[in-house]
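Trainee: Listed here are the chains, written in short residue letters.
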Amino acid sequence: MTHPNRRIAGTATAVAAALLGSITLLALFAGPASACAGLVTPSGNVKLVRTSTLAAWHAGVEHYVTSFTFSGQGEQFGAIVPLPAIPTTVERGGDWTLQRLARETNFQPASGAASAGGAVAGDSATVISQQKIDALEVTVLKGGGRAVGRWAKAHGFQLTPDTPEVLDFYAARSQIFMAARFDAAAAKERGQQAGEGTPVHITMPLANPWVPLRVLTTGRQGSDLISADVWLLTDKLPSLLPVPHDGVRLERVVQASPELLTDLRNDKGMGWMPKSMWLTHLDINEQAANLRYDLAVDATGAARPSAVLAGLEAPPPPVRPAPTTTPPPPTTVAPATTTEVPTTAAPPATIATARLTTSNRAPEGLTALAGALLGAIVATAVPGVRRRRRGRVVAAR
Amino acid sequence: MTALLDRLGARAGAVAAVVGVGLCTGGLGGRPQPPPVVTVAIHHSRFVPDRLVLPAGRLVRIVVRNEDPIDHELVLGDLAVQARHEHGTDRVHHESGAVSVPADSTAATTWTLPRGQPAFFGCHLPGHWAYGMQGLVVPA
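Line by line, the protein sequences give chains A and B. In terms of the numbering used here, the first sequence opens at residue 1 and continues consecutively. In terms of the numbering used here, the second sequence opens at residue 1 and continues consecutively.
These are calculated hints, taken from the structure and not from any lab test. For clarity, every value in this text was computed on a predicted model and none was experimentally measured.
Distance windows between CB atoms, simulated: (1) K188(A) <-> L79(B): 42 to 48 Å; (2) A130(B) <-> A85(A): 31 to 37 Å; (3) Q131(A) <-> H43(B): 30 to 36 Å; (4) K142(A) <-> T39(B): 28 to 34 Å; (5) T39(B) <-> G191(A): 51 to 57 Å; (6) K132(A) <-> A56(B): 56 to 62 Å; (7) W272(A) <-> E67(B): 41 to 47 Å; (8) E259(A) <-> A130(B): 45 to 51 Å; (9) T106(B) <-> K142(A): 25 to 31 Å; (10) Q130(A) <-> A130(B): 32 to 38 Å; (11) S223(A) <-> V63(B): 32 to 38 Å.
Residues of chain B clear of chain A, computed beta-carbon distances all greater than 10 Å: (12) V38; (13) T112; (14) R115.
We put the beta carbon where it would ideally sit given N, CA and C, even for glycine.
Put together the whole structure using the sequences plus the hints.
Mentor: Structural data, given as structure tokens:
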């Protein structure tokens, strides 16, 4: 059997030889994913199938397009999606962007989804924006893991037991979340069919693209296979963390064809696209127990994707402010005391910036590292009524 | 479930909360003393600690602090009790040996570990036991 490291090296070599002179796809690489979390309704009849996501990045702005598609017959479903920044816009995505990308890479995407429910009051998280996109009710939230969890619970999301850890995992990096609730009844009124997705286009100013993956495991069993397609469109050849392995395959890294770019540019909200971009396609097929990381990308050409954003290293501790107490005025002249207060943010996490061709990180090691270092986070939500089997009720007479 | 519980019993070096037998005895002058108290936290859908050492045959008060933003419960008892709750229909518990603990709250129950048999504690909200919300109770 080929050792995973050798396989990675082999893949890297092939890619490098075939496509680039010196690809610097960085270390770990992970997959795709829609920002959605997989969820289930109280009756368990809604399943996350396969998600597809585009993370396009140009001139410091990420355009994140994912589709919320549900299979099943629940009344309401929802998802909580971690975001790396406050979106400048959240709008309905174009009708064919994801489909066109799938055709370009010879794959027909199915869907992705989650579930959510009722609505009550009692938030601790801050609601940044709320809007309706087709049958989706989208709320952008700011808050820590517990605050967002409380908000979700108060608004009818039935959170699975792994949700608190996942929420904390993401909140340690960014306290922005998007809760999306799909109203099946409203979809029916609109004539939407089961399996028909609603694309959502999120625009965020970001230093680099980022795609949440671990959130896809929410509510899933450890042995469940998480399947997803992730496409990246970037100005420069991207560096990725973590590195491709069996569960995360790098299917394609090419200069996007003019035909593809033209087709995408003509879709709703995609007019920003430049004339030249790199297209990367990642195929995720990873067991939920092993998918404990996200996809960090360096699209600037610096080849330094963040291990922190990939979930492989814990974020640096927050900088503590200097003591606020004012010392009494000195009565005598004393030598000045210097208090070391960081004047700049902590340096970025140091990562092994191995080229794809020389990576020596084993996927297992990465996974273990991620599991060991990270706390946890994002959630998937589901509708509100507590799911409990009901037995026969015998009335006393 | 049996396999999971076997693994629980096999855990070595697990953090344990211990309630000494001496603490349970009556006070001076024959005045009854309140039962000893042991506290269990719930964080990220895990019990901390997941192993309790309690005096058999003595009433103990168990305080459960839920630090999660989701509801949990704590049910004490043998395998039969755990199985009954796993397939049960009760939405809320407030009886001896079983207590519901809403999100971000603290609740308590009292319970006596029977002599001569192992016991367990767990949360039986949907999916929680399978996720790992289970613990072992051993006699002091």
